[in-house]
Amino acid sequence: MFKSDISTSLRALSRSASPAPVAFDRRNFLRLSAGTGAGLVIGAYLPVGSASSAKAAAGEAAAVFNPFVSISPDNKVTVLSKHLDKGQGTATGLATLVAEELDADWSQMVAGFAPADTPVYKNTFFGVQGTGGSTAMANSFEQYRKAGAAARQMLVEAAAKAWKTDPAKITVAKGVVSDGTTSATFGELAAAAAKMPVPENPTLKDPKDFIYIGKSFPRLDQKDKVTAAPVFTQDVRLPGMLFAVMARPPRFGGKIGSVDAAKAKAVKGVKDIVTIPGGVAVVASSTWAAMKGREALQVTWDEGAADKRGTAELIAEYKALAAKPGIPVRKDGESEKAIAGAKTVIDTEFVFPFLAHAPMEPLNAVLQFKDGKATLKSGCQMPTIDQSVIAAILGIKPEDVAIETLWAGGSFGRRAVYNADYVAEAAHIVKALGTADPVKFVWTRDDDIKGGYYRPMYLHKVRIGLTEAGEIAGWHHRIVGQSIIDGTAFASALIKDGVDSTSVEGVNDTPYAIPNFEVEVHNTKVGAPPLWWRSVGHTHTAYVMETLIDEIAGLAGKDPVAFRLSMLEKTHPRHAAVLKLAAEKAGWGTPLPAGVARGVAVHESFKSFVAQVVEVRIVDGQAKVDRVVCAVDCGLAINPDNIVAQIEGGIGYGLGAVLHSQVTLTDGAVDQTNFNDYEVLRFNEMPKVEVHIVPSAAPPTGIGEPGTPPIGPAVANAVAALTGQRFRQLPLSVHKLAAT
Amino acid sequence: MTKLSINGREVEVTSDPDTPLLWVVRDELGLMGAKFGCGQALCGACTMHADGTPIRACVTPIESVAGQDITTPEGLTGPVADAVRNAWAKHDVAQCGYCQPGQIMSAVALLGGKPAPTDADIDEAMTGNICRCATYARIRTAIHTAAETLKG
Chain A
22 MFKSDISTSL RALSRSASPA PVAFDRRNFL RLSAGTGAGL VIGAYLPVGS
72 ASSAKAAAGE AAAVFNPFVS ISPDNKVTVL SKHLDKGQGT ATGLATLVAE
122 ELDADWSQMV AGFAPADTPV YKNTFFGVQG TGGSTAMANS FEQYRKAGAA
172 ARQMLVEAAA KAWKTDPAKI TVAKGVVSDG TTSATFGELA AAAAKMPVPE
222 NPTLKDPKDF IYIGKSFPRL DQKDKVTAAP VFTQDVRLPG MLFAVMARPP
272 RFGGKIGSVD AAKAKAVKGV KDIVTIPGGV AVVASSTWAA MKGREALQVT
322 WDEGAADKRG TAELIAEYKA LAAKPGIPVR KDGESEKAIA GAKTVIDTEF
372 VFPFLAHAPM EPLNAVLQFK DGKATLKSGC QMPTIDQSVI AAILGIKPED
422 VAIETLWAGG SFGRRAVYNA DYVAEAAHIV KALGTADPVK FVWTRDDDIK
472 GGYYRPMYLH KVRIGLTEAG EIAGWHHRIV GQSIIDGTAF ASALIKDGVD
522 STSVEGVNDT PYAIPNFEVE VHNTKVGAPP LWWRSVGHTH TAYVMETLID
572 EIAGLAGKDP VAFRLSMLEK THPRHAAVLK LAAEKAGWGT PLPAGVARGV
622 AVHESFKSFV AQVVEVRIVD GQAKVDRVVC AVDCGLAINP DNIVAQIEGG
672 IGYGLGAVLH SQVTLTDGAV DQTNFNDYEV LRFNEMPKVE VHIVPSAAPP
722 TGIGEPGTPP IGPAVANAVA ALTGQRFRQL PLSVHKLAAT
Chain B
149 MTKLSINGRE VEVTSDPDTP LLWVVRDELG LMGAKFGCGQ ALCGACTMHA
199 DGTPIRACVT PIESVAGQDI TTPEGLTGPV ADAVRNAWAK HDVAQCGYCQ
249 PGQIMSAVAL LGGKPAPTDA DIDEAMTGNI CRCATYARIR TAIHTAAETL
299 KG
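Here the protein sequences line up with chains A and B, keeping their order. Numbering-wise (the working numbering), the first sequence opens with residue 22 and increments by one. Numbering-wise (the working numbering), the second sequence opens with residue 149 and increments by one.
Read the hints as simulated data drawn from the structure, not as lab findings. Glycine included, each C-beta is placed from N, C-alpha and C at the ideal position. Some hints here could point you the wrong way.
Only part of the chain B face toward chain A is listed, based on derived beta-carbon distances under 10 Å [claimed, not checked]:
no. : residue
1   : M149
2   : W236
3   : G260
4   : T283
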């Protein structure tokens, strides 16, 4: 797919996973950071920002129109993204909204990141400044369009005043303001225009007049990324900078027993060894020296309180729990009675492993604490949390923590941490050193794979009763696993009556009409900290629901697509529409070469609807996916090519996990270390992906995450068609597959 | 002191001879194009060229490449590099972009040896470079586009 106007962006929204968009309790979030108030707002969308911070981010010479839009004398329009761009294209997407309403030329657009300033730059769904839940476009769509429209109106007013013309006679196109006889660039008018009154309710374009929205313009970060420009935290170099890595206990919950730093201190370049909460940091004059120092460091760990259960023990415990009643999530009718009287019963368990996010850029942060003020440079996904955590550790006010957000080398949820774990480590190191020099703190890949904050392990126990005709009579479903939200500041908003919505999403809200449907959950406690991972609960619930529905269709002798449509068509038209489109484009029902089978799945997540049809072969006992045909409905398509890119990426990310990835524990210690044993999707395994977007005028919804959930069940359904077996433990690589 | 030739320049570096090239280039010389991804030659983010051949700089001691012409992503020039970068931009390949300097180094080396690579050639040359954003399909397309451009 290739197009000269290609591109990116928009919608995107995070490929990071995080909390569900609308469920957030704003008041709860505001409590997270002292000093964040309601903020002044003009109209509902344009907060009055600190011009100084916007200026700092956009360049000193820039004229600041509002916290989101600045225009410099050299005619560059800088759009500050309040959301982190970790690859999902959000920064380009937000710039698209501004360019659209401003009638700018695409070549003059520049993307930057907003400073930390919660009242001004908060996620309007969360109440804190943060990115996640595939919400970036949905919560910014009107705000950034208004920011662009307001700036446009101010440029027109300034031109009218200068030229003594009626503003109604002035037109704006491709970055040029004109009254028919006189014209000027944005850059020429910017200084005067920024002084015009800020319109309270600027007029937005009629969608039929869109010139950027709905087209594919190239990513604004593409050139820097292709030329290897130093745009990442890993690339920061500052005078006098120190480098730090940290030694952590091998088991979760372990503590420092004793430290012998002599050998580490003898390593050339090592400057200091400091003990901080959770481990021991080695500080050096280079990254390599810090790493070598850590190798030489001798720490005896006190693992008395550590969790020493291995994966096998956890699975046994989870199975035992699944046999007992859990916390009720949903209860429609009498599932036990219906199952007891059923003609056929499916009684089965699914096991999902811990998963590390493993973004390509290992976690890192550059922090300096000087003269009572802290400055953090990092790919910050939750600036409000980072700010308040650093402030608490250093004993300063949150507003004395400045944050410069940098392009992040992936996240997939890992940078949206409720306790800012690695940023907190950096702050503890800086505090322990008592240095005014900047410290670059890095995790190695081993730290990343072994460090916790995983997609938790889950076990589902499902019993389904079927009638003689093969219809569902009753369905009893228990989910066992860690709550991601429990114990975090998000708890009061996202946990209700003991049920963490992220543990059960995708099951309790299934689109299928299931009579006598009962769902329960057991929340477990495990040493390894849990975290959202691209598409959160849907990573496991879509697999369970879509493989079971497929199995039920098979038992009834019905076509998997027709069976789903019969259950969805009347009540869930958007599910049905993507399913039909994917099936049609994939040639569902047409002959395939010997040894190849199709599988299908459809799932809603983050308010978007995705169906996938895959073509799979068995090669050397493993599944090989040749082709994925995907249909997506994510509301208004702001940048179609970025939707395609996010679906391609979401499929690749999910497919790697389904085929290969697992973090396992032995006696509580993580078995994997790096990409040799934590295997992810590689180049030669990437299928051909075709994406078809359902035209829609509905408000834009998520796209960073929704491509991930259907790939697992679609592949498993194809594998079942090939092998006659249903594989209910992931990854598939733990099984030896054989075509029948 | 170890003498190295980096991007056509002779430099003397003070790091120990067994220090991996990646850390000398990044922390001592300040060239940030090649990335740290795994430290064990498993992901390809650190890929550089030594006499035109791709190497994983994270496990390459500087003493082993003294006397060879080292090229980092920033120093990559010439028609093949231009064609590859232009193809990457044309297909909007990069998402997070962190692995892309390494991907581009591998792609340029491939096209240097095989101007018209097959899909199997591309698989073989690129499977050591991990992309967690899974931009693999676009990388494949971009390599074919670059090959077409170079054919003229």
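Task: Satisfaction of the B:W236 interface hint, Cβ to chain A closer than 10 Å - done: Holds: closest Cβ of chain A sits about 5 Å from B:W236, inside 10 Å.
Task: chain A contact restraint on B:M149 - CB to CB distance below 10 Å - done: It is violated, given that the least Cβ distance between B:M149 and chain A is near 14 Å, above 10 Å.
Task: B:G260 as an interface hint toward chain A, with CB separation required under 10 Å - done: violated (18 Å)
Task: Interface hint outcome for B:T283 [beta carbon to chain A under 10 Å] - done: With a minimum Cβ separation of about 7 Å from chain A (threshold 10 Å), the hint on B:T283 holds.
Checked against the numbered hints above, the structure breaks hints 1, 3 and satisfies the rest.
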